[in-house]
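From first to last, the protein sequence lines are chains D and L.
Position 221 (the first sequence) corresponds to 221 in my numbering; numbering is contiguous.
Position 265 (the second sequence) corresponds to 265 in my numbering; numbering is contiguous.
These aren't lab readings, by the way, just hints derived from the structure by calculation.
Computed from a predicted structure; not experimentally measured.
Everything hinted at is true.
Some but not every residue of chain D turned toward chain L, in silico, with C-beta under 7 Å: (1) Asn-64; (2) Ser-67; (3) Gly-71; (4) Ser-75; (5) Lys-77; (6) Gln-95; (7) Ser-103.
From the three backbone atoms N, C-alpha and C, an ideal C-beta is built for every residue, glycine too.
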Amino acid sequence: MAAKYELKLGAATREAFGKALVELGKADENVVVCDADLSKSTFTHLFGKEFPNRFFSCGIAEANMVSIGAGLASSGKVAFVASFSAFVLNKGFEQLRVNVAYSGVPLKVVGTHSGISIGEDGPSQMSVEDISLACSLAGFTVISPADEVAMFSLVKQAAYHPGAVFIRAGRVKVPVIYGPEQKFEIGKGIQLTEGTDLTFISTGLMVAECLKAAAALEAEGISARVIDLHTIKPIDREIIAKAAAETGCIVVAEEHLVDSGLGVRLAQVVAETHPCVMEFHGINNTYAESGLPEEVLEKYKMTAADVADTARKALARKKG
Amino acid sequence: MTRTSDLSELQSIARTVRRDIIEMIGAAKSGHPGGSLSAVEILVTLYFDVMKHDPANPTWPQRDRFILSKGHAAPVLYSVMAETGYTPKDQLNTLRRIGSIYQGHPDRRFIPALEASTGSLGVGLSLGLGMAEAAKLDKSPSRTYVVLGDGEIQEGQIWEAAMYAGFHKVDNIVAILDNNRIQLDGWVKDIMAIEPLAEKWAAFGWHVIEVDGHDIVALQAAFAEAEATKGKPSILIAHTVKGKGVSFMENNPKYHGVAPTKEEVELALKEIG
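Extracted from the complex, chain D is given alone in its bound form (with noise of 0.2 Å):
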């Protein structure tokens, strides 16, 4: 099952959310986008360049950035602000606490480099905490896209989302997982193969490791689901109920602090509905440091092999 995807390599989702947004610019001029001093890497110097006069350019300052992205969408304008996740949820947090959140103010909050796969830059612009900040914002959705495709629809219907909306891309090329007409709903997670005896449930650039350690795991006559759950927040209630029940054994894979992102809030659901052997992938109590991306990953155990690993764990303890 798991083999049917090929997982070439494809753009980053940093690189899709500029082209979605310079879409919507063409599409709607009320859409309007603020950066600080980091538009080359997040990609809105896309729209920047298209549309000058409702681009922002807020400095290195990433708190008065989201103040002003929540005044502009205040005033009826479908705002974007930008920055490293690291930098617009750390340095903007009360911001989007106050002016966001609990203001009810439909800002669009993207946050790019996440997690560890940023690379050579290190932990400083490292984000393994933003799935947390986001989630712990009252009424705030949050996304988490696994590729290029998934990327530029979500951030297309993510601006005509209702409520206060974070996005986390990242840095890295990454696998094409979706062919184009794939269909993506907010609050919606798909499933990506058929499994029986585990499911992956997993976020990010993480969902192509698992479709990949689902195919090694095909090998040894194990049949494992994968899940891209690509809105965080709220979360799919059904489809991991349905796992759970079904499979038994969920693996849940993710490039952030594990005991504060997708596999805490995953467990809720699973103990309230259907309680089942659970193994949580990610970091682990530590920032990770400088190095190729790929060898950064390798070294904190976020590739395919590892997250195997872990399924024949969460396995072993299934047949007890």
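Starting from the known structure of chain D, arrange chain L on it as the hints suggest.
Structure of chain L alone, referenced to chain D:
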């Protein structure tokens, strides 16, 4: 609502607003009287004379925007909003009670006509800049007014906003600094001095107007000067007295965040007249 530029009428409204503030905070038994009383003339001049707004049509796109960035002065805002007809006057004394629209700090969920939920200091000026930029994009005459506390400008984000507004020449925003010289822990000059104020704001590219924040005629002139100033944002450095109008509260750090007792309410109302 009554709109007026007449000094004696505005002074009379200011007296009513002061009474409202004392009664509300007295009834709530908690709140921030000092910084509410210091901003009375500023808000009365804005809401009854300077700002273009319509309480009957609070979502009118071309309305001027008002943000009380120093959200703890909520009682003065609630009073002017009630006196102009946005919210019920007879509920003012439910301030801070469970279920009241008059929350401890301004909350848009309870009063949709508020432009902003505030209370966490330092964020209002940036928010106002977003509204001002939106008005420019829309070629709307809407202007944005943001009232800041003097202690509040110790927050770093204020200076991010100041830098942005000066650099981007956001001339449809007006900041009003309620310079009452006292913050919660004591005198601003002893906690974290902010002087020289005029020089700081001018250095960030702002047109600075120093004004007696209790002199309505001077405030009217200052707002007119701000509106006539093109190509840069304006700030009114409003020199005020914390607790203004109630002798035992004036210049007394204690009344930053302490409600008057029943006896003190009586005394204060007598003084205000």
